[in-house]
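Undergrad: Just need the whole structure built from these sequences, with the hints factored in.
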Amino acid sequence: MLARTLLVVALAAVGGAASAQKPAAQSAHDKVSMCIGCHGIPGYKTAYPEVYHVPKIGGQNPMYIANALKAYRTGERWHPSMRGIAASLSDKDIEDIAAYYGGAK
Amino acid sequence: MTRLLVLALALALAGAAQARGDAAAGKEKAAQVCAACHGPTGAKPTAPENPILAGQHYDYLVRALRDYKSGKRSSAVMKGFSASLSRQDIEDLAAWFASQESGLHYQR
Numbered sequence: 001m002l003a004r005t006l007l008v009v010a011l012a013a014v015g016g017a018a019s020a021q022k023p024a025a026q027s028a029h030d031k032v033s034m035c036i037g038c039h040g041i042p043g044y045k046t047a048y049p050e051v052y053h054v055p056k057i058g059g060q061n062p063m064y065i066a067n068a069l070k071a072y073r074t075g076e077r078w079h080p081s082m083r084g085i086a087a088s089l090s091d092k093d094i095e096d097i098a099a100y101y102g103g104a105k
Numbered sequence: 001m002t003r004l005l006v007l008a009l010a011l012a013l014a015g016a017a018q019a020r021g022d023a024a025a026g027k028e029k030a031a032q033v034c035a036a037c038h039g040p041t042g043a044k045p046t047a048p049e050n051p052i053l054a055g056q057h058y059d060y061l062v063r064a065l066r067d068y069k070s071g072k073r074s075s076a077v078m079k080g081f082s083a084s085l086s087r088q089d090i091e092d093l094a095a096w097f098a099s100q101e102s103g104l105h106y107q108r
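Order-wise, the sequence lines are chains V and D. Quick note on the working numbering: the first sequence kicks off at 1 and runs consecutively. Quick note on the working numbering: the second sequence kicks off at 1 and runs consecutively.
Do not take every clue at face value.
Stated by the list, open to error - Incomplete in silico selection of chain D near chain V, CB under 10 Å:
{"#": "1", "residue": "Glu28"}
{"#": "2", "residue": "Ala35"}
{"#": "3", "residue": "Pro45"}
{"#": "4", "residue": "Gln56"}
{"#": "5", "residue": "His57"}
{"#": "6", "residue": "Tyr58"}
{"#": "7", "residue": "Tyr60"}
{"#": "8", "residue": "Val62"}
{"#": "9", "residue": "Arg63"}
{"#": "10", "residue": "Arg73"}
{"#": "11", "residue": "Phe81"}
Worth flagging that the hints you see were computed from the coordinates, not collected in a lab. What you are looking at is a predicted structure, and each value in this text was computed from that prediction instead of being measured. Cβ coordinates follow ideal geometry from the N, Cα and C atoms, glycine included.
TA: Okay, here's the thing in structure tokens:
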């Protein structure tokens with residue numbers, strides 16, 4: 001009984017440590033699925049509300065990316081798709097995504 | 001006749017897709033207005049919150065500057081700088097920065 005309890009505690013500790021140590025850029029990889037449909041396709045253009053190339057964000061300054069997402073989230077920066085996407089992001093998500101794209105080579 | 005029309009349309013579209021600004025004029029303007037924060041070629045901003053502009057899409061840069069100028073995109077700093085730019089200045093600056101090299105790239 002004691003052994004089993006100890007095992008459960010040990011597993012929980014290992015699991016906790018593993019998720020805590022996951023690098024920001026790595027865990028962001030799971031979060032960027034909603035970004036790559038536009039920002040990951042070379043030459044992709046917005047179709048609405050105005051037609052122009054979506055910006056390249058790979059290699060951009062992480063702080064700029066984070067500020068942009070926060071401004072979209074509050075509505076201070078205007079774009080319907082980006083507003084919708086940013087609204088679903090937590091501060092941690094934004095940090096992770098900024099690190100992922102900003103740290104990209 | 002139809003073939004001629006198609007050709008004319010294709011040429012018109014190709015022309016529209018190309019940068020209309022003059023990069024050389026943009027370089028001069030950038031040195032006066034943009035370089036202090038974004039770096040002379042836009043590749044090395046002087047503060048981490050400022051975006052890299054070098055290698056960014058021409059039409060995106062034009063859109064950003066027009067939106068700053070109109071107030072549709074808000075930034076106290078960029079509102080001030082863009083206010084002095086003409087339509088031609090904006091296209092020239094976008095042509096300059098879009099043609100410069102940086103680490104900006106497509107990332108999945």
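Undergrad: Now tell me if each hint is right for this structure.
TA: Consistency of the hints with the structure:
Because the smallest distance between the Cβ of glutamate 28 of chain D and any Cβ of chain V comes to about 25 Å, over 10 Å, the interface hint for this residue is violated. With its C-beta approaching chain V no nearer than about 16 Å, alanine 35 of chain D sits outside the 10 Å limit, and its interface hint is violated. Annotation: proline 45 of chain D was flagged as interfacial toward chain V, and the flag holds, the nearest CB pair being 6 Å apart, inside 10 Å. For glutamine 56 of chain D, the suggested interface contact is upheld, since its CB lies about 6 Å from the closest CB of chain V, less than 10 Å.
Using the Cβ-Cβ criterion of 10 Å, the hint placing histidine 57 of chain D at the interface with chain V is satisfied: the shortest such distance is roughly 4 Å. Because the beta carbon of tyrosine 58 of chain D sits about 8 Å from the nearest beta carbon in chain V, less than 10 Å, this interface hint is met. The restraint placing tyrosine 60 of chain D at the interface with chain V holds, with a minimum CB-CB distance near 5 Å, inside the 10 Å limit. This hint holds: valine 62 of chain D has a C-beta 8 Å from the nearest C-beta of chain V, less than the 10 Å allowed.
Below 10 Å, beta-carbon pairs count as interface contacts, and arginine 63 of chain D has one with chain V at about 5 Å; its hint therefore holds. The restraint placing arginine 73 of chain D at the interface with chain V holds, with a minimum CB-CB distance near 6 Å, inside the 10 Å limit. For phenylalanine 81 of chain D, the shortest C-beta to C-beta distance to chain V is roughly 16 Å, which exceeds 10 Å, and the interface hint is violated.
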